[in-house]
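Listed below are the residues making up each chain.
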Amino acid sequence: MYDVFTLLGFGEGGWGPALLKGTLITLQISLGGFIIGLIVGLLTAAAKLSRSTPAQTIANGYSTICRAVPELLLIILFFYGGSSLINATGRWLGFGEVDVAGIPVAILVLGLVQGAYASEIFRGAIQSVNRGQIEAAHAYGMSKRKIFWRITLPVMAPNALGGLANLWVYIIKDSALISVVGTTELLQVAKQAGGSTKEYLIFFGAAAAIYYVITLSSSYLFKLLEDYLRRWQPKH
Amino acid sequence: MDFLNGTFFTELSFFKDNAFLIENMDLLVEGLWTTVTLLGISLVFGFVFAIFVALARLSKSALLSYPAFLFTSVIRGTPLLVQIYIYYYGLGILFSQMPEVRSSFLWPYLRDGYWYIAFALILSTAGYLGEVIRGGLLSVPKGEIETARAFGMSARKAFLRVRLPRTIYLLTPTLAGETVLLLKSTALASTIAVVDLLGAANRIRSMTFEVYKPLLLVAVIYLILTLVIEYVFKRIEKRIPVRA
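Protein chains in written order, with numbering that gives the first Met the number 0: chain A, 0 to 235; chain B, 0 to 243.
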């Protein structure tokens, strides 16, 4: 029987350093996936709101599929599909077999899944921007790009932020699914530690506690950010 | 004639290429059944549990409301997969070390991953839906409940006949979304060796060395199930009486 503090500590026989490294990888995957999700989501929202029918169809199909099919299935599919695609490209370019590192693929997969949800949030937020404000900006002679950066984006940001905060919490939780394809993030480390010491309850409990701290503190930080972005809005 | 032969051949090779699907049909049907029953069990029990969680959250007594708050916060703040591992590996191993549990009538259930996943999904549904139902209960106009009480209904009757049905009506669109999320969560069953839809696909993949086809097929089945859920909830929504 081991002592809990030795097992989770940083001394000899302690899994502290491994768990810390796993936590950092979890944060890295989540942050990378979140950023890709934001970019994909903005582009998809733009396609949904565009006048081009094919763009709308592709965007709607993508977000419907990614929101109806389990993330775990998509992760397995994209992971193997993605790595053989990268390998095929590597062969075609004459690099031979490329060893696909787990983390970039994990980021890409989570980003694609997130993009589908983010696109719905952005679409709603963009539509909630008052048309009159955009017309007024037009009347002042602003270019389309300037209108987006100076009017649409700052006005919609606080509206989108609530949804995006939820998405960030989702991606932290979804990043645990990456352990299924063997990337050594937090849950995978906990699984290895549990497997070698047979103290599953301690390590999965510790992993749960770390995830909980991350999600709680990020919810708090997002709350502060939302207050900051809403500072120009009338208080009620 | 050549033309006919051509199509005939392509069709034949289609069946030959995809024969693995027909050979493993029983596995897929078993997986579909597991997924659907998991969805049903966790939806029904989770929903009932969620009502109690919501009531506890709204209770004036901190002894009830604080534990309920902690429960929803932890369930919603940690990955479902971690929760499943805690129950399956953590508790499962503890159970297997206790001789009194091993000899009890519950042991066949406690050995089966299916019941761990059902347990995890029920608790998770209770956590997520509890928060949703709490919001719904708060948005029922107070006057309606007061009217019910004025008609001489007991507090319990007013809750069961007025407040709860009104909440469910208000929440039907949200419930549809939550049910789809729950369907997607059932796929985690495959991580603890339960043969649900995704588990069946993974098994077929390992037996036939087909990398994508089983996954794509199962993805289509999930898509169809989602459409069915959305259709059913649309039908329910239409039956809700609304004042024109």
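Since the hints were derived computationally from the structure, they do not count as laboratory data. Misleading hints may appear alongside valid ones.
Here are some, though not all, of the chain B residues that point toward chain A, as calculated from beta-carbon distances under 8 angstroms [unchecked claim]:
| no. | residue |
| --- | --- |
| 1 | Ile74 |
| 2 | Gly76 |
| 3 | Val81 |
| 4 | Ile85 |
| 5 | Gly89 |
| 6 | Ile92 |
| 7 | Leu93 |
| 8 | Thr207 |
| 9 | Tyr211 |
| 10 | Lys212 |
| 11 | Leu216 |
| 12 | Ile239 |
Just so you know, these numbers come straight off a predicted model, no measurement behind them. Every residue gets a Cβ at the ideal spot worked out from N, C-alpha and C, and that includes glycine.
Hints versus structure:
1. Ile74: violated (10 angstroms)
2. Gly76: Cβ of Gly76/B sits 4 angstroms from chain A, so the hint holds.
3. Val81: With a minimum Cβ separation of about 5 angstroms from chain A (threshold 8 angstroms), the hint on Val81/B holds.
4. Ile85: holds (5 angstroms)
5. Gly89: This hint holds: Gly89/B lies near chain A, its Cβ roughly 4 angstroms from the closest one there, short of 8 angstroms.
6. Ile92: holds (6 angstroms)
7. Leu93: holds (7 angstroms)
8. Thr207: violated (14 angstroms)
9. Tyr211: holds (6 angstroms)
10. Lys212: At about 11 angstroms, which exceeds the 8 angstroms cut-off, the nearest Cβ of chain A leaves the hint on Lys212/B violated.
11. Leu216: Hint violated; Leu216/B Cβ to chain A Cβ min 11 angstroms, cut 8 angstroms.
12. Ile239: violated (24 angstroms)
The structure does not agree with the numbered hints 1, 8, 10, 11 and 12 stated previously, though it agrees with the rest.
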